[in-house]
Amino acid sequence: MSKLFNTAKIPAVLVAATLASGCITSTVIDARTSETGIGDNESVVIMAKSYHLGNETEAKYIRCIEDNLARGRSGLNVIPHQEFVDSLFPWFEPRTAPAETKNLAKLMDRPGVAERIAEQGVRYIIWLDGDTDRVAGGGSLSCAAGPGGGGCFGFAWWQNDADYDASVWDLQGLESAGTVSTDVSGTSFMPALVIPLPFIARTQSKACKTLADHLHNFIVQEEPA
Amino acid sequence: MKRTALLGLLLAGLLTGCGASVKMAAPTIPTPLLEQIEMTVGVRMPANFEHFVHEESIYGQKEWSIDLGRSNAALFEQLFAYMFSTVIKLGPEDDPQLMALDAVIEPSIDAFEFSTPEQSNTEAFAVWIRYRLKVYDAEGDLTSNWPVAAYGKSQTTTLGGSAALQRAAILAMRDAAALMIMKFDNVTRISALAGGGSAPSAPIVPTQPTDRPEAQATALEGQSDE
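Line by line, the protein sequences give chains A and B.
Take the first sequence: its letter number 129 is residue 129 in my numbering, and every next letter is one higher.
Take the second sequence: its letter number 173 is residue 1173 in my numbering, and every next letter is one higher.
Calculated from the structure, these hints are not laboratory results.
Each residue gets a CB set at the ideal place from its N, CA and C atoms; glycine is no exception.
A few of these clues could be false.
[As the list claims (entries may be wrong)] Below, in silico cross-link-like pairs of lysine-lysine (DSS-like), each with a Cα-Cα straight-line distance of 25 Å or less:
#1 1183/B x 106/A
#2 1134/B x 49/A
#3 60/A x 209/A
[Stated by the list, open to error] Okay, the calculated bits of chain A under chain B, using three or more residues with CB under 8 Å as the criterion:
#4 102 to 115
#5 146 to 152
Assemble the whole structure, with the sequences as input and the hints as a guide.
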């Protein structure tokens, strides 16, 4: 075993394992239905479609999209979703939130709703639908320890799929501006020869970065790089 | 002696590992956007609203004890204070007919249920709460009997299952509050009782006892134009 992993090689292998990642493929599709654009005083809100409708978008994914959209010099003004939901209680709760743009006009007629949205400068609501699932996996990896030391041997792999759809609602025209969908598939590997070496595919992170970049371009109407 | 103490500690550790206890702080609902109903209502809370504990043993898993404390009382106190211009909390000895009230509301809890990620094969805790709201007119006649089914769901986090279960329970209470704000007057027609008005001639809610509150809830929610 010392021939394979002498003390000089172990740090190099660890660094390589840290830098390396699993295999990721991604697809993004935009479908625009109206012109967009955003002013300096306007903002966006990221919301998850209701769990009453069976949606399971993760809270950390919503925060990731919020952070990525707000990041950088050209970042958008993003109102944290919980702050927005609380300010409009009870009209954006999972039970009461509008499911279609045709319900927006009625919502805006409710007492205080249009004023509260205007105060916050919300121009777009982006509804996220989807989640990240483990869709496949296999291999065998076992570890053992004894008085003389321990180690692992084998090979394991797993595949995660991150499918998310974002519907962009324009509150100025009370209409849908379109959708952006991303489908990311990542396969992670973990070979082990005494030491397990993880090659992790950051599927959800990739889906977040990809969707946030496209949403930014979709809203400011830039061509994707 | 030392060995006995060590064994006792180990046993205590194992026993606590088989149970989970969740204690909830009273929730705060945000100020709602609504049109307040101009009337004076009395609210009679049941004793268990001040200290509600749900205990459940899940087969093959641990035992759960969920202490909602006075969360239910706090929820309805806040909610009714937002919904009605004057709210008077009634004690067990108070006679509402001597208090110039337009109506009396009596909330109660029919059922509290939850599911763990292991049961639902997801990464989320879910909580269902079934409340019941009885509305009486100034003469003390029952005018409405409305079962309210609320649901909350929260994904497990690094903070652990207890935090997710608490969050799911708070979301279920917010869900109940949202439903009541949206449909209370449509379903119970309580505003018709303002100024000593009588109950609607055709009761919105059948007052006969039912063994199937879920069926009644569905039928009632279907009546709304929301």
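Tested hints:
no., hint, verdict
1, 1183/B x 106/A, "holds (16 Å)"
2, 1134/B x 49/A, "violated (33 Å)"
3, 60/A x 209/A, "holds (13 Å)"
4, 102 to 115, "holds (count 4)"
5, 146 to 152, "violated (count 0)"
Comparing the model with each earlier hint shows violations of hints 2, 5; every other hint is respected.
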